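Full structure from sequences and hints, please.
Protein chains: 2
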Amino acid sequence: MSAHDAMERAVLAAARSGLAESSRADRAVWLRAIADALTAHADELIALAHVETHLSLARLGGEVVRTATQLRFFADVISEGSYLEATLDSPDPALIPPRPDLRRILRPLGVVAVFAASNFPFAFSVLGNDTASALAAGCPVVVKAHPGHPGLSRRVAEIAREALVAANGPADALTLVEGLSAGAALVQHPLIAAVGFTGSTRGGRALFDLASARPAPIPFYGELGSVNPVVITPRAVAASGAGIAAGLAGSFTRDGGQYCTKPGLVFVPPSAEFDEALTAAVAASAGQQLLTSGISSAFGEGAAELEAEADVEVLAQAPPVDGEAAPVVAAIGADAFLAEPERFQQEHFGPLTLLVRYDSPAQLDAALAVLEGSLTGTVWYAPDDDDDALVSAATTALSRIAGRVLYNGWPTGVAIAWSQHHGGPWPASTASVHTSVGATAIRRFLTPIAYQDAPQSVLPAELRDGNPLSVPRREDGRPVRG
Amino acid sequence: MSAHDAMERAVLAAARSGLAESSRADRAVWLRAIADALTAHADELIALAHVETHLSLARLGGEVVRTATQLRFFADVISEGSYLEATLDSPDPALIPPRPDLRRILRPLGVVAVFAASNFPFAFSVLGNDTASALAAGCPVVVKAHPGHPGLSRRVAEIAREALVAANGPADALTLVEGLSAGAALVQHPLIAAVGFTGSTRGGRALFDLASARPAPIPFYGELGSVNPVVITPRAVAASGAGIAAGLAGSFTRDGGQYCTKPGLVFVPPSAEFDEALTAAVAASAGQQLLTSGISSAFGEGAAELEAEADVEVLAQAPPVDGEAAPVVAAIGADAFLAEPERFQQEHFGPLTLLVRYDSPAQLDAALAVLEGSLTGTVWYAPDDDDDALVSAATTALSRIAGRVLYNGWPTGVAIAWSQHHGGPWPASTASVHTSVGATAIRRFLTPIAYQDAPQSVLPAELRDGNPLSVPRREDGRPVRG
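Chains as they are written, first to last, in our numbering: chain A, 527 to 1008; chain B, 527 to 1008.
Calculated directly from the structure, the hints in this document are not laboratory data. Fair warning: there could be bad hints in the mix.
One side only, chain B facing chain A, incomplete, derived with CB under 10 Å [claimed, not checked]:
1. GLY588
2. LEU632
3. ALA720
4. ALA798
5. ARG926
6. GLY939
7. HIS948
8. THR956
Since we're looking at a predicted model, the values are computed, not measured. Backbone N, C-alpha and C fix where the C-beta goes; we use that ideal spot for every residue, glycine too.
Written out as structure tokens, the structure is:
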């Protein structure tokens, strides 16, 4: 069977799976069953992932826990029911225009294509957030496996499909395709209703263009590139520069710096103490073989290009170890950054961070004003009144360009929560009004429908008189608890 | 000043208006002030609109009331505050991954371009739903005026800007541009963050393609074409065919059939009584000069092409009156429809409806299965048990392709309500997960931001400890009233 035939078969099977007609209660059971199966097979899967990705067993172990938690979280979200946005208005013929009986709810959008990421072989891959939120919404999923962990992808899909069957669910709610051309064809398939993507700006843009050029365009929810700027105030450096430097080293080298939230651009005042602590921490950091040979070559080439720039000082570079990436700290002045801000906002996928040294609040403001979109923005400040104006200005600037703004912490590590937002202005996301992590990630795969003067028998149970399934609703403008 | 310079000036003025930094309370005052000014100038504006659009004074009077109601409705929506989706989670370091203090809210997206429609010179034009929801969200608006009512557009913008100033608001929160090339340049302007559009499929698609091809793509919320299928069951025809026919005639000829929700495709069993009543009602219907000469020519040509089709029977055609469009009822068999479903789903913007005669439930099912996206789908049924299966099947089929499904009524007339949905699968909307009418229309112009471990001083008031502005929030997963 050709890759294209396999893709066609996977889409048709997903479309016919019947998931859209399932109840929320059944889908919650299935999501938890998949989480349980993933957990039960953790040892086997972690070993497989370790061989294919070179990520440490400890990191992969944590990631399996995270992935199961995500699946269970979306089961909780659909059980609670407010995600349906059930809204009822009673008739009022006296209004202009007259108001009939109107009832609105969100329904599943259709079959979703999910492009798995390289760097989270569990949490943003076959059973990652995109898949979990789409299945929770009632959308069957066709996953395009990432070529960085093909064996793991197949095994995880197999385990999930077996878990669905064992829980009396539809195995074909989750199917898998492989290969670049199958992926492109998937985005253009008439039965695909939306796409979730985590990966590079170049790859994401190419698929976004295909999705937008379809005869009937579909939403493309892509999480692409991000440099995750960090601002360190002069008082923070003075008060605890060495500690911040050690934290930065830990964050940007963590698991080989292969995080979409890696702090890649750090605005910091000149400080010998900070530089020394950073250099020492980087020298002491553990090595990491990168995910694939392609990523490894691209990182090496990008780092070499940056290091060769006239204005760039190479501050720290760990000794290269055979097969492992050497962490790099480079630095430039704020004026050099401002002269060519696009050049210095290229994402380096791997253990590299670029310091931008600023001398004054005005220089910092000017630099922050030219930042492109990022998933996160970070402020390190000293908890005293004198830092208030700087923190406020940095917050205003970062709020414009980042989806998450955090304080005295590091952006690597994305909590699972109702309030999480993982997205941001282009190129962080293709669609900055949506998130790929957190409860509202489910909304990407839902579309509203309003029923007007409908007989009770055709209404979804959540919209019927008396609220038989006890979901939170808005009735005549007022929130009503389920 | 060239059209391009005027566009550039309008965008810059909007971007600098300061609207994004205004409070919800202030914006609610400004929206109500604009509504009051519109109402105060109703007579002058209605007269101007009547000359430019040929729509009746009665219809235009109702539309001004509707438009003022929409503006006040969005003032109510932002005053209530749940649209902000304020969500707070408290820290839990024991989780994997650990959860920090996280607080999420929606913030304004940026300057919005609004393309006004021809057919609602008030309600979907300079101060229409797109503008009202964008201003409510805190997004300054640059309106691209529709060339069908240029004088009215200028005067409405002038009145709105004066009302803003009188209420101590920023006049430049609303600016106006004119001309096709200025419109195209507007969609590509780096400072434009989103587009709202109501118009033709061809024009909308061209602008959608420009928005998607930008270096940084932006969301394009377009409401394009819709044929608004209607299903009439055999029992409904038998029980009240004449009344339904009269209602259909009233709906598809209303204001010259120039509604995006006009019922343009009617699935009905063969019935001589229905045909006779429809013919009689159409013959008695009032004439209407169409909005522009371009629309008038396009309608005449499209109707002539349809009438010339071999399978098409012209059932009713009102006598053409000088300058007015002649209402047309055409009919084909379900088999002919099924042979070329795309040809018979072309939208005719004007007083034309196409009957599709079906002989059996199976034939109806087959026809409904090939429908493209529409704003609405309608079912006329007899309230007795024997119609239940047909109503259920029609609901299932129409739910797939329509954003609003209604029963024993007509789709023209779109109520303003929390639960309204005005959108649908392509080509009804470019982005079917969003609506252009109803409370959630505001969400198109908002984007989430999450604050992590933020000091109280930098948080929006709606996210601070103690909920000082008393907005509805979700705290640790539980809804909390404001």
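message = For the restraint on HIS948/B, tell me whether the closest CB of chain A is nearer than 10 Å.
response = holds (8 Å)
request  = With chain A as the partner, please determine if ARG926/B meets the hint condition of a C-beta pair closer than 10 Å.
outcome  = With a minimum Cβ separation of about 9 Å from chain A (threshold 10 Å), the hint on ARG926/B holds.
key: Satisfaction of the ALA798/B interface hint, Cβ to chain A closer than 10 Å   = violated (29 Å)
query = Hint check: is the beta carbon of GLY939/B less than 10 Å from a beta carbon of chain A?
reply = GLY939/B check passes; min Cβ-Cβ to chain A is 5 Å, inside 10 Å.
task = With chain A as the partner, please determine if ALA720/B meets the hint condition of a C-beta pair closer than 10 Å.
result = holds (8 Å)
inquiry  = Restraint: THR956/B near chain A, CB-CB cut 10 Å. Satisfied or not?
reply    = Holds, because the Cβ-Cβ distance from THR956/B to chain A comes to roughly 6 Å (cut-off 10 Å).
query = Measuring from the C-beta of LEU632/B to each C-beta in chain A, is the shortest one below 10 Å?
reply = holds (9 Å)
key: Interface hint status, GLY588/B versus chain A (Cβ within 10 Å)   = holds (6 Å)
In this structure, only the earlier hint numbered 4 is contradicted, and the remaining ones agree with it.
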